[in-house]
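Under my numbering, read the sequence shown as residues 1 to 139, first letter to last.
Derived by calculation from the structure, the hints in this document are not laboratory data.
If you're wondering where the values come from, they're calculated on a predicted model, not measured in any experiment.
Check before you lean on any hint, since a few could be wrong.
As the list claims (entries may be wrong) - In silico lysine-lysine, DSSO-like type, Cα no more than 30 Å apart, as pairs:
no.	residue 1	residue 2
1	K117	K53
2	K53	K88
3	K95	K117
4	K129	K102
5	K116	K53
6	K116	K93
7	K95	K129
8	K101	K125
9	K117	K102
10	K117	K129
11	K101	K88
12	K93	K129
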Amino acid sequence: MKPSSKAKLAVVASAFALSLGLSQQSIAHKAKTVTVHKHKAHHHHHLPKAHHKFTWNGLSYFVASGLFYRFVDDHYTVVATPHGARLKVLPGKAKVVVVNKKHYHIVNGHYYRYSKKHHDYVLVKQPHKHKHVKVVAHF
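My request is simple: use the sequences and hints to build the entire structure.
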């Protein structure tokens with residue numbers, strides 16, 4: 001009886017692993033530790049032309065296409081959303097919504113609240129939508 005092509009492949013793979021001094025258990029362990037990133041690259045040497053720069057807590061940030069960046073070690077690195085940051089202008093076209101009687105400006109999935117006191121926009125976490133949500137404007 002001839003072995004199937006799957007059986008031949010399994011034998012070849014086992015022989016290769018043994019020739020490298022690896023057990024099947026160590027190969028399986030290494031396969032489990034592979035990390036998959038959400039974005040293809042977290043480091044960029046150039047930002048898109050349509051980016052916006054702002055300073056928050058003494059640090060310079062850039063926002064483009066819904067991602068936030070910092071310039072570190074000669075390249076731009078994707079960083080976590082800096083909630084609490086204040087921007088003088090919104091970084092793109094906004095949709096204004098009312099959630100639980102509060103107005104929010106949404107740009108690329110990020111929520112901003114306008115501060116009348118400081119005349120700027122504060123980057124906030126997405127509000128809980130317990131009640132009525134109404135789109136009131138696009139600009």
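TODO: Mind listing which of the numbered hints don't hold for this structure, in increasing order?
DONE: The structure breaks none of the hints.
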